[in-house]
Amino acid sequence: MRTVLWILLGLVIGIIGTANVMNVLAERHPMPAATMHTMGYHMGALSGALKAKKCEAASIQHHLQRMQSTATDIVPVFGIEEKPFTDAASKLQTNLQEALQAAPADCAALAVVIKPIGGDCKSCHDKYR
Numbered sequence: 000m001r002t003v004l005w006i007l008l009g010l011v012i013g014i015i016g017t018a019n020v021m022n023v024l025a026e027r028h029p030m031p032a033a034t035m036h037t038m039g040y041h042m043g044a045l046s047g048a049l050k051a052k053k054c055e056a057a058s059i060q061h062h063l064q065r066m067q068s069t070a071t072d073i074v075p076v077f078g079i080e081e082k083p084f085t086d087a088a089s090k091l092q093t094n095l096q097e098a099l100q101a102a103p104a105d106c107a108a109l110a111v112v113i114k115p116i117g118g119d120c121k122s123c124h125d126k127y128r
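Here numbering that gives the first Met the number 0 is used: the first residue of the sequence shown is 0, the next is one more, and so on.
It cannot be assumed that every hint is accurate.
[As the list claims (entries may be wrong)] So the derived label-pair ranges between C-beta atoms look like this:
no.	residue 1	residue 2	range
1	Gly117	Ser68	15 to 21 Å
2	Ala51	Ala25	33 to 39 Å
3	Thr17	Ala104	51 to 57 Å
4	Ile14	Ser68	51 to 57 Å
5	Val11	Lys90	48 to 54 Å
6	Ala57	Pro29	29 to 35 Å
7	Glu55	Asn22	23 to 29 Å
8	Ala57	Ala18	45 to 51 Å
Read the hints as simulated data drawn from the structure, not as lab findings. These numbers were taken from a predicted model, which means no experiment stands behind them. Note that beta-carbon positions come from the ideal geometry of N, C-alpha and C, so glycine has one too.
Work out the full structure, taking the sequences as your base and the hints as a guide.
The following block contains the structure:
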């Protein structure tokens, strides 16, 4: 009986220790998650503007500029130097630059420029997420 209690105590301590270590490991690199949350916030704001049919040029430009700025951090933050990953990040940056240059001022124009950006995000998430 005493042996069973010691084994159970050891298992409980092991589970608690493992849970603590996993929490620490999950929190050690917050930048990749922060980068994706920032991109998601701005993409969500643009998508929400499209759904609500409230597309203001200044707001669109603001969100596209922030996404472009954040997209330049993707490769260094994730530290993945594989050519397919860097190519995907470059493609996203190019599409964001083209969207900024197009300067969409209404919902129809925003829908056109946001589609390839969303496709870039989806293709990268499908492969690397």
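Verification of the supplied hints:
Separated by about 18 Å at the C-beta atoms, Gly117 and Ser68 satisfy the suggested range of 15 to 21 Å. For Ala51 and Ala25, the hinted distance range of 33 to 39 Å is satisfied, since their beta carbons lie about 35 Å from each other. Our hint of 51 to 57 Å for Thr17 and Ala104 holds, since their Cβ atoms are close to 54 Å apart. Checked against the hint of 51 to 57 Å, the C-beta distance between Ile14 and Ser68 comes to roughly 43 Å, which is inconsistent with it.
Distance hint check: the CB atoms of Val11 and Lys90 are about 50 Å apart, consistent with the given range 48 to 54 Å. Distance hint check for Ala57 and Pro29: the Cβ-Cβ separation is about 31 Å, which falls inside the suggested range of 29 to 35 Å. For the hinted restraint 23 to 29 Å between Glu55 and Asn22, the CB-CB distance of approximately 42 Å leaves it violated. Range check, Ala57 to Ala18: about 47 Å between beta-carbon atoms, so the 45 to 51 Å window is met.
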